[in-house]
Structures are given as structure tokens and as C-alpha cells.
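K.L.:
Quick note: to get my numbering, add 5 to the position in the sequence shown (first position is 1).
You can take every hint at face value.
Estimated spans, in silico, between C-beta atoms of each pair:
#1 Glu-88 x Leu-172: 31 to 37 angstroms
#2 Phe-99 x Ser-161: 26 to 32 angstroms
#3 Gln-458 x Val-57: 56 to 62 angstroms
#4 Leu-172 x Glu-373: 31 to 37 angstroms
Below, simulated BS3-like cross-link-like pairs (lysine-lysine); rule was C-alpha separation at most 27 angstroms, straight line:
#5 Lys-32 x Lys-337
#6 Lys-454 x Lys-310
#7 Lys-26 x Lys-81
#8 Lys-265 x Lys-26
#9 Lys-32 x Lys-81
#10 Lys-294 x Lys-420
#11 Lys-35 x Lys-86
#12 Lys-273 x Lys-157
#13 Lys-454 x Lys-372
#14 Lys-86 x Lys-157
#15 Lys-454 x Lys-32
#16 Lys-265 x Lys-431
#17 Lys-86 x Lys-32
#18 Lys-420 x Lys-454
#19 Lys-243 x Lys-26
#20 Lys-431 x Lys-162
#21 Lys-157 x Lys-431
#22 Lys-454 x Lys-155
#23 Lys-155 x Lys-431
#24 Lys-273 x Lys-431
#25 Lys-431 x Lys-294
#26 Lys-32 x Lys-265
#27 Lys-337 x Lys-372
#28 Lys-35 x Lys-372
Keep in mind the hints are simulated off the structure, nothing from the lab.
Glycine residues also receive a C-beta, built at the ideal position from the N, C-alpha and C atoms.
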Amino acid sequence: MYAIIEVGYLIATLSFLGGLKFMSSPKNAKTGNLIAALGMVLAVVLTFMAAVTATVPYTNLIIMLLAIAVGTVIGKRLSDKVEMTGMPQLVSLFNATGGGCAMLLGLVEANQMDPFTTILGNKILLIAGLITGAVALTGSIIAERKLAGKVKDRRSKTVILSARILLGLMVLLPVLYFFGIIPIGFTAFMYVLAAIAMVYGVLFVLPIGGADMPVVISLLNSITGIATAFAGFVYGNKAMIAGGIFVGAAGILLTILMCKAMNRSLLKVLAGTFKKSKNGAVEEAQEIKEISISETALSLSFAQKVAIVPGYGLAVAQAQHICGQLQQLLEKRHVGVDYIIHPVAGRMPGHMNVLLAEANVEYSHLKEMDEGNENMEQYDAVLVIGANDVVNPAAENNPDSPVYGMPIIRVYESKQVIVMKRSMGKGYAGVQNDLFALDNCSILFGDAKSSLQEIVNQLKLI
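Generate the whole structure from the sequences, applying the supplied hints.
P.N.:
Given below as C-alpha cells:
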């Protein structure tokens, strides 16, 4: 039986690897998710087999089965009801459950272990798993609340200083405890650390702005993976170790890549700050050109090649399906249509890819930023929907701008740019968008979903 379980864990680990490989491409992401999910089911079944072999009380097994059943029902209902604009919040909540699980495992194991016979290495692993799990738990909950607009940014010096003090305590207290300077039991000490870590998780996320949530979600996901790996080492569970390492490594790599795409260090993202403008530069008044629905429809109908640049505004307006209809209508007129995706567009990694996949937009139409920029001059018209800072030429032309140095989608190089906006509000960086004043840029004011629907109606009449 032991050999069967070990081989099964190896197969589960390979399925995690295969799932990650498939999920590196939006086209195969659904298959990759299914492969990884089947691997996780296999790992759970094998764990139950190991528990039965180890003569774990059947009462415990029944409780575990009931918990899995309840969790499955709740998870299914949440995923069925969530709107696409709420997907980042749902991901954050799921991430919080993983962190909470790792924290609870640490507390449960601390209650059961003998502090005098347990080796130091296991205690360190328990502490590490508990701290990372607790931080991921409360940090993910705050991230969800911020994404939902229920919690505002708190960038005060008090919050930042308090977070740094708690971080120092989480590092210092275990050292003092193991040197015998803190005279309390190991279980009580673990509860103290859990409380400190949970408070730190709150203060850790509070200063970070909503537009930086893709980086935060990725980082918290990585922390949850690391916590799972620590728990796996304690229990000697190879599937937990492998899965935790894969999630942790993938999350860290994704975090670094997104920071690079924003041209900001991770420390600045976590501090919730942008570079300040030099010399107190005053923004000049812009002369913008408005464009009507009929003019937009006419421009698109006469174009040979069109690019659509989606942003979070597309998700807020829930206009992805109408956008897909516009693409199909243009293709019937033999107009080529591409979607150019910025790496940090939306509120979670891959948000725009998921959004467009829901509208049945084929992966072949999705272009990464670099590929889109290489061919930008070929586009007769570019439709920017709900994106702002990621198309701002100031990132390349104005060294005094807070967004200077951030890689952008160079829509200004196309023949015509049409920006769909509700108002002249600024993006997350809080700076004026120089694109709006360019000769080849026009603004179409209005709700994205309503405007796209009217454009579709107009195209049907042309």
C-alpha cells in the first residue's frame, strides 16, 4: 500500500507540472486547470488511503469528508454566481482559505506535539508555515475588500511603521523564544505569533492601491504556496511540498514580471507609491477632440485592420460580450481585429484574458504588448476601452512624469486612436494622459457597454 501511495503522489506531482505548463497559454489554460484539479483529487484520495492505513479514527475521516463536501458546494455556488468584475475578489478569497488552512494546521500541530521531544527543525517549519499562512489569510481578505471598494487605501506613516515593527517582531520573537528568553509554552507562543502575523497581513496590504492588486494577489498567492510547502514538510506529505513549491515559485516569478511591466520595484508597489513629479510640474490644459458614435462606426467600417486595447473599464462595464460581437461584425466586413493586452491590465494577473475568453474571443486574436507595438503602424484604428495609464505616451516622452519608464502600448503610433471614456478622469497614477491631446486621438464619451452596442447597431446599418 505504501508503494502505491508514493507512486500516486508522484503522478499527482507530475499533473501539477503538466497543469502549470498548459496554463502558460490562455488557449490551453482550461485543459491545464483540469489536469491540475485531477491531480489534486488524486492527492486527496491518496491522503485518505494513507490515513486509513495509519488507523486514523473513522470519526475524523467522516468529519473531513463532510468538510470537503461543504467546501465543494460553497465553492461551486460562489464560482457560479460571481460576475467577471468580481473574479479578482473571488480569487483573493480562495487564496485566503489556503492561507487560513496553513495557519490552522500550524496551530493544531502545535497543540498535539510534545515540545520537549519535537526536534527544532519541525518547530521552525511550523512557525514559518503559521506566519506565512496567517499573513496570506488576512492580507487576501483585505485585498478582496479593497477590490470591492469597501476598504480605502491607508498610506499613513503610522500604518507603514506599525507594519515594519510587526515584521521585526515576527523575525525576532522566534529567536528569543528558542534561546529561552520568552518563558511561555510553545502552543501559547504559536497563538501569539498567529495574532501578530494576522495583524501584519492587514497592515501589509492597506497602503497598496487598487490598481496594484494584480501584483499583490500574485504575491499573496506565492506566500500561500510557501505556507503549504512548510506544512507539507511537517507532515511529510510530498504532494503538499511539491504543490506548495510550484505555487510559490510561479507566484514569485509572476510578481517580478508584473513589477517589470510597471517599471516599479516591488518595494514601491507594496508601499503604494509612484515616483513624484519633478519641479512641481503644472499640467497644461488639453485640447481634445470628441467623436460621435456614427463617426466611430464609420471609421471602423472603412478600416482594414483594427486593434482593441481593453482595460479594467471593460470589466466594470461588463462589455466583453458586446465587444466580441463588434469583432465578429467587423470580420464579416473583412476587417482584421486584434486585442492587445498589457501585462498588468485589470485587477488580477490575466484578468483581460479571462474576460475575453468568457466572450468566446479566440486566443489567436490576443496579442501581447510587445507584438502589438511592433505592428502598431499597420492598424488603421485602435479602440481603447477602459485603459488609461498603460497607453500614456508620457511614460516614454516625459522624464518628469510619475509613469515615466513604464512600458506602454504605443497606440499613438497607429493611424487613428479612439478612446472610450465616461469622463476625463485620470488613471490610477493620477496624471494627465498626453495621448488625449494628440492629433490622431479622439474621445468617445459614454458608458462602454452602451457605446459599443450603439456602434454595433450603426455598423449593421452601414
